[in-house]
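Student: Could you put the whole structure together from the sequences, leaning on the hints where they help?
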Amino acid sequence: MNSIALILILLVYLALLFFVAHWAEKGNKNKWIVNPYIYSFSLAIYCTAWTYYGSIGVASKSGLDYLPIYLGPIIIIPSWIIILKKIIRIAKVNKVSSIADFISLRYGNSRFLGAMVTIVCLIGVLPYIGLQLKAISETFHVVTKTPLSSIVFEDTTTYIAIALALFASYYGTRYVDASEKRKGIVTVVAMESIIKLLFFLIIGIYITFYVFDGFDDIYQQASKLENYEKLNSIGGLPQAINWFMLAILSMSAIFLLPRQFHVTVVENNRESHINTAIWLFPLYLLLFNLFVYPVAWGGNILFNGQQVNTDFYSLLIPQFFNNQTLTVMVFLGGFSAAISMIVVASITLSTMLTNNVLIPYNLLGKLKGNEESISIKKIINTRKIVIFLLIIFSHFIYRLFGLDYSLVSIGMVAFVIIAQLAPSFFGSLFWRRGSRLGAIWGIILGLLVCFYTLLLPYAIGIANTNSTFISEGLYGNHLLKPFQLFGLDYLKPVPHALFWSLLVNFMVYFSVSVSFKGNYRERNYAEMFVDINKYMTNHENAFVWKGTAYTSDIEKVLVKFLGEERTKRAMNIFNLKYNVDKNQELADSRLIKFAENLLTGHIGTASAKILISSVVKEEKITLPEVLKILEESKENIIINKKLTETSNELKKATHELQLANENLIKKDKQKDEFLDTVTHELRTPITAIRAASEILHDDDEVPEQLKKQFLQNIISESDRLNRLIDKILDLEKFETGKQKINVQKNNVVTTIEQALEPLYQLIKNKNIATYVESAEEAFALYDEERIIQVMNNLVSNAVKFCPETDGLITIQVIDKEDVVQINVSDNGKGIDKNDFENIFDKFYQSSNQNFKKPIGSGLGLAICKQIVEYHKGKIWVQDSVKGACIVFTLPKHKQP
Amino acid sequence: MKKILIVDDEPNIVMSLEYTFKRQNFEVFIARDGMEALEILKNQLPDMIILDIMMPLVDGFETLQKIKSNEQLNHCKVMFLSAKNKESDIEKGLSLGADAYLTKPFSIKKVVDQVNELLG
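Residue numbers (this note's numbering), protein chains in the order written: chain A, 1 to 896; chain B, 1 to 120.
Among these hints, one or two may not hold up.
[As the list claims (entries may be wrong)] Restraint ranges, calculated between C-beta atoms of paired labels, are given here:
no. : chain 1 : residue 1 : chain 2 : residue 2 : range
1   : B       : 70        : A       : 709       : 32 to 42 Å
2   : B       : 94        : A       : 707       : 32 to 42 Å
3   : B       : 94        : A       : 648       : 51 to 61 Å
4   : B       : 118       : A       : 657       : 46 to 56 Å
5   : A       : 679       : B       : 109       : 18 to 28 Å
6   : B       : 72        : A       : 772       : 46 to 56 Å
7   : B       : 118       : A       : 679       : 41 to 51 Å
8   : B       : 72        : A       : 671       : 38 to 48 Å
9   : A       : 705       : B       : 109       : 17 to 27 Å
10  : B       : 94        : A       : 837       : 36 to 46 Å
[Stated by the list, open to error] On the chain B side, residues computed to face chain A include the following (Cβ under 8 Å):
no. : residue
11  : 13
12  : 18
13  : 19
14  : 104
15  : 105
16  : 106
17  : 108
18  : 112
19  : 116
20  : 118
Hints are computed from structural coordinates only; laboratory data are not their basis. Cβ atoms here follow ideal geometry from the backbone N, Cα and C, with glycine treated the same way.
Tutor: Now the structure itself:
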């Protein structure tokens, strides 16, 4: 394909990226931009050109060896739900903008450590960026079928690198605060992730199903190739250990690679997005690896015996079949994979370089003092220039050193170098004792081991001298062979280097940390990192600081970096949050921490500390003092928590009181109504007695028979009066606990018979049918007289509520394991559901009762309930289709 | 012969009143609740109605409202005879248009006097 045409396509593609970045940046609250899917896809920045082209190369030369690099992340990702959440919380609270900031902050705002982490990242990542540029450049020449020009400035791809550098420096430095979200970049990265996967799947399907006849066909043909068996055997235990080490390597890479830290931690908008990422991202990786193998072996079959770069099979195959569209598509996919990595990696490196090296070491002007000092504009411009230079510099690394090792091995070396941050990084999350010195020495010695076991032999390999260093070891000492250190000979170079370097790194980190105590600041941050969940909302409280500081001095520093308006806003927020008086002259430890946080995003954690300490007078605190203060603040937090709990309890109690009060008012009203009823009930017999007596007294001419009737009325009304008084007193006795019951083993069935006897006349009068469903006997423990009273009451109620015709009362006795249950049901109008609970309340008369005059005194069911509960039984209303059904139980065994 | 309707659900009380008014030469009708009373009033136009308040189905107050809405019964006097003796109940009864309100327990003599006074 014509170079100019391809360049035009690239320009259109880059313009599209600019447009998307711009659009995303403008609508940065849009749900199309802030959502878990954009987040998850942006994580796929992990898949660079190395994945896109390199895996195929590896698969074609050494079978399944490309897999562990993707298996590692897939295995570790479920743990994100805990670990990543913790990291994100720490980063958010402290406004951390890079992995260098993260580590340096934890080990006491250490300037040296921050700078060192930055250097480690530079060493690891710069060649890696070069590798991406190499991929772009080489694939460009493959697609256009042009040779690589030996003069840098005559090669088209140099200008592509420059264009990328401009794009990255323009969009990467929109905010001074490096911990701000860069939505434009992230959206573009997510889009490119989709594009590269899509195009990779398309070429995979094309080769598998169009060029070949499916997976089986490729396998059939490939197995006839001479070295197939050898390359595709899984191998024994040594191979498994190699795989294991590679998986460990990629597990740490997914956390530690600066670009990965950036998209997963710094650019995380919501913690909940992790929940989507933990399934979507592994799925993405799996899909990406689906066609690697068929493409690789398809290439091996097609180009068997020819000298071609196996990394580029996915380009060469469509080209071989003259399919130009597909070739360009694959090229664009690879281009996407490369530039995502280039842009984000260069932005993060530039942030780290400015915030953790240039600014804290006063290379951009003095931090302290007012004159000739550093300015915001200068910081931004520096970041821009650094991004630009990093990309250009990487390009020159590639052009100068050629980076002749295959794509994969350079990527692997980068991983091993970055993995040196693992002990101090993961230590910072879980181990309070980890110290700055431990971290520094661990990283340095780990790097030295890397250098000896990996970089040096590779460098010698590239230089192609006849050195015996690799085969014979240093000074001919076989124990010092760089690839088989101390006789460890079954690991391949990369896992081998990883094993020794991490082992040394970890041992040093551990032993130095245990042997030398860190300073108080380290200990303070150790507490805040490890227990981040506790300090999430009030981490300023957990910061230990002693000394004198003036609010106005701190404000001045803030104004310089944040501007008047933002400083004012920030101070307002602070005063509101901690309820601090606006005119407070002296600053406390919380303000110091708050100010350091605000500055951290702009100038990095170490510089923030240096800057703030230049305007305050700090007193030295000893480690034991810090521990004591921490202990106290811990207690404070516990007390706070207890206070909150107590206040919650109080709230609950108030609520309960309110309910109780409402209940009381309701009860009071019910009592009034009850008194009304009772007085009415008492007055009615008195009225009858009085009227009859008056007639008998005043009228001498009452006929004899009528006279007798009146006297009979007086007698029966007197009895009625007496019964009513008995009932009231009865209830009173139960309620005050004065009632005594005589519990014995009785047969419920005979008790029911006894209870029904006096009611038969009444039942007969209303023509009601009664059924008793029971066994011959059912024994329970109760006072027979009282239960007769209950049955009498329930059955009389049932009689009252039965319809005038076809009335039916059913009594069931059910013998259960621990209790005998008795159901009394009628076919009347039933009980309203709202009354199920209250119907047993004393004085309660249903508001839904159609009868304006209550039936009975409103005491019957209340007395029943008292009696049943006295026996440790239960009474309730059972939901029934027709009529009312009241159920009560009597225990069969002695109750405690 | 004057007609009187006695509405009460207590048979013993009704018995005394029935005897008394028969002795006073009234034609006496008896209803056990408001519903029955209204049924009787469809065929009879009594001069006097004695109403209890707390009764099943239709209470005294409601019965009075129904009576007052019937123009044919305009001339007919109504007296409450109830165990409800609170000021508020008495006021309610009279405001609904009752001509008198006596509380239980009552004196037979007073009831007779009151009825005679109302019927003039």
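Student: Could you check if residue 106 (chain B) really has its C-beta closer than 8 Å to a C-beta on chain A?
Tutor: Cβ of residue 106 (chain B) sits 7 Å from chain A, so the hint holds.
Student: Holds or violated: the 46 to 56 Å window for the beta-carbon distance between residue 118 (chain B) and residue 657 (chain A)?
Tutor: Since residue 118 (chain B) and residue 657 (chain A) have Cβ atoms about 54 Å apart, the given range 46 to 56 Å holds.
Student: Checking hints one by one. Is residue 105 (chain B) an interface residue toward chain A, by the C-beta closer than 8 Å rule?
Tutor: With a minimum Cβ separation of about 4 Å from chain A (threshold 8 Å), the hint on residue 105 (chain B) holds.
Student: Given the hint of 46 to 56 Å, check if residue 72 (chain B) and residue 772 (chain A) actually sit that far apart at their C-beta atoms.
Tutor: Given a distance of about 53 Å, which is inside 46 to 56 Å, the answer is holds.
Student: A closest beta-carbon separation below 8 Å is what the hint needs, so does residue 108 (chain B) meet it against chain A?
Tutor: 5 Å, holds
Student: Are residue 94 (chain B) and residue 707 (chain A) spaced within 32 to 42 Å by their CB atoms?
Tutor: At 37 Å between Cβs, range holds.
Student: Does the CB of residue 19 (chain B) sit less than 8 Å away from some CB of chain A?
Tutor: 6 Å, holds
Student: Is 38 to 48 Å right for how far apart the beta carbons of residue 72 (chain B) and residue 671 (chain A) are?
Tutor: 43 Å, holds
Student: Report holds or violated for the interface hint on residue 18 (chain B), using the least CB-CB distance to chain A and a cut-off of 8 Å.
Tutor: 11 Å, violated
Student: Is 32 to 42 Å a correct range for the gap between the Cβ atoms of residue 70 (chain B) and residue 709 (chain A)?
Tutor: 35 Å, holds
Student: Does residue 112 (chain B) hold up as a contact with chain A if the rule is Cβ-Cβ below 8 Å?
Tutor: Not OK, violated: residue 112 (chain B) not within 8 Å of chain A, min 10 Å.
Student: At the C-beta level, are residue 94 (chain B) and residue 837 (chain A) separated by a distance inside 36 to 46 Å?
Tutor: For residue 94 (chain B) and residue 837 (chain A) the Cβ distance comes to about 39 Å; the hint holds.
The structure fails to meet hints 7, 12, 18, 19 and 20 from the earlier list, while all remaining hints are met.
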